[in-house]
Amino acid sequence: MELSIKQVAKIKENVLKVWVKKAGIKMQIAEAVGISRSYLNKLLNEDNDFYSEVMEKEEEILDTVEGQHYNAIMAGNTSNIIFHLKTKGAGRGYQQTNETKLTGAGLSINLSHLSNEALEQIANGFNKSNE
1 MELSIKQVAK IKENVLKVWV KKAGIKMQIA EAVGISRSYL NKLLNEDNDF
51 YSEVMEKEEE ILDTVEGQHY NAIMAGNTSN IIFHLKTKGA GRGYQQTNET
101 KLTGAGLSIN LSHLSNEALE QIANGFNKSN E
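Each residue of the sequence shown is one higher than the one before, starting from 1 at the first, in this note's numbering.
Please note: incorrect hints may appear among the correct ones.
[To be verified] In silico lysine-lysine, DSSO-like type, Cα no more than 30 Å apart, as pairs:
#1 K21 x K57
#2 K10 x K42
#3 K6 x K22
#4 K42 x K17
#5 K42 x K22
#6 K86 x K10
#7 K86 x K42
#8 K6 x K26
Calculated directly from the structure, the hints in this document are not laboratory data. This structure is a prediction, so every number in the text was calculated from the model and none was measured.
Sequences are here, hints too, so could you generate the full structure?
Here it is as structure tokens:
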């Protein structure tokens, strides 16, 4: 059954009404509106204006979460303070680094620039050579 333009417009209007209430969780939004998640994705993919309106709702959600994050910082929540400094304060030196050094027999290699995956590969190779 093909929906009319008016019916589709009403669905989109309802999606926009519940988007923030459902925190942008598509499955919950689709259920609240009475459509499938795949149909919701189809609407988003086919209508750039609708997609833009939804992205505005996503910004609204992000603004709310950032406000809560800021409130937690002001209340002295240590984990929020650390997270904020690692992200927003990274340019000021508040960034997490993985400083790993290999030393021995006059050898000193700084591996802090390597990813955790690369470090695991090195460690696995080292362990195999010592078996």
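Each hint tested on the structure:
{"no.": "1", "hint": "K21 x K57", "verdict": "holds (10 Å)"}
{"no.": "2", "hint": "K10 x K42", "verdict": "holds (15 Å)"}
{"no.": "3", "hint": "K6 x K22", "verdict": "holds (24 Å)"}
{"no.": "4", "hint": "K42 x K17", "verdict": "holds (18 Å)"}
{"no.": "5", "hint": "K42 x K22", "verdict": "holds (19 Å)"}
{"no.": "6", "hint": "K86 x K10", "verdict": "violated (43 Å)"}
{"no.": "7", "hint": "K86 x K42", "verdict": "violated (37 Å)"}
{"no.": "8", "hint": "K6 x K26", "verdict": "holds (22 Å)"}
The structure fails hints 6 and 7 (numbered hints given earlier, in ascending order).
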